[in-house]
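Using the sequences and the accompanying hints, generate a full structural model.
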Amino acid sequence: MSKDKAMAGGARGIFGGRWGVIGPFVLVWAGMYYAGYAAAGVDIRTLQFWAADLNPLPWLAGAAILHLYLTRHDRYRAQGGDARLWSVWRVVSFVSGLLLMLVLWESPLNGFVGRSMALYTVKLMGEFELAAPLLVLGIPFGLIDAARLKGPLWSIVRVAHRPLVTGVGLAVILVVWDMTDQMALGLHNGLVFGLLPAVYLALGILVWMQSLQVLPGFPNLKNHLRKGLYVWAMEFAMMAMGTVWFLSAMRDMNPSTGAPLLWGINRMTDIHMAGAVMTGLSLPTMCLVSWHFWQWISGVVGVSESEDYANYAGPSGP
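Using the numbering used here, you'd call the opening residue of the sequence shown number 11 and step up by one each time.
No wet-lab data here; the hints were simulated from the structure. Each residue gets a CB set at the ideal place from its N, CA and C atoms; glycine is no exception. Hints are not guaranteed to be accurate.
Beta-carbon label-pair distances, calculated as ranges [claimed, not checked]:
#1 G274 to D188: 22 to 28 Å
#2 V311 to G204: 46 to 52 Å
#3 F151 to T279: 42 to 48 Å
Structure representation (structure tokens):
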């Protein structure tokens with residue numbers, strides 16, 4: 011048997027094993043969604059649900075992305091690629107981020123968000139703070155050579171990757187057009203409701219790509235201090251908004267349409283919960299800020315732990 015045939019046979023074996031696991035998982039996932047929509051009071055057997063209430067685009071895009079990712083991974087491993095460059099943990103991170111993205115974007119959760127400002131905050135902030143870093147950490151950027159970064163799609167990413175462009179986008183959704191107004195419009199406009207999670211996810215991916223400098227040839231901030239201050243300013247705006255909500259005493263700040271609200275809580279408690287969620291979900295990116303500042307301080311000090319230990323222990327030998 012030739013090397014090419016053996017490689018193709020090995021790849022088919024990996025593909026078959028992979029999809030053998032995915033098939034039953036999809037059935038279980040569909041059952042969970044059926045139960046979730048039933049709990050939300052949505053009758054999925056009606057034409058109205060399939061024609062208007064369900065947005066299939068995120069799921070179709072997610073399935074295509076997952077197929078492309080796993081196919082490329084299996085082909086890379088079948089060809090004897092270095093497992094350290096595309097490890098199992100990267101696959102777990104990417105798949106987890108993709109599933110979380112879909113749960114927050116298009117799931118039975120949508121049947122409840124109109125009755126809770128806190129859940130709407132989870133929906134959008136979860137895309138930015140949780141799904142985005144998992145996706146970025148799961149992509150093997152080290153295997154993407156410069157020749158593959160020249161198409162029209164990468165040209166758009168290159169422009170969006172500029173810190174100034176991303177910063178303007180963050181300022182718009184965090185300061186100019188805050189989440190309260192976004193929720194009020196989203197609950198009355200299906201297009202806005204469907205696009206806002208994508209906006210938060212895209213900005214979160216860009217921030218994490220810039221912070222980790224996974225594409226060194228793209229426009230980027232060049233040192234840890236600038237990156238730390240850049241991410242901190244964005245997170246400070248989010249945490250300040252969360253603090254305002256947490257301490258708010260104005261019912262009108264809650265644009266929820268449900269009466270009564272989810273779990274029977276009142277509007278004030280819901281606003282306070284949304285503020286706590288906004289602040290709490292900022293933790294992953296604040297850890298990234300701390301890492302940048304630590305790396306900057308280490309560079310300023312210029313002494314590694316090994317060098318410090320050697321100086322403390324003194325010269326060895328007689």
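Results for each hint:
no.: 1; hint: G274 to D188: 22 to 28 Å; in the structure: holds, 27 Å
no.: 2; hint: V311 to G204: 46 to 52 Å; in the structure: holds, 49 Å
no.: 3; hint: F151 to T279: 42 to 48 Å; in the structure: holds, 43 Å
Of the numbered hints listed earlier, not one is contradicted by the structure.
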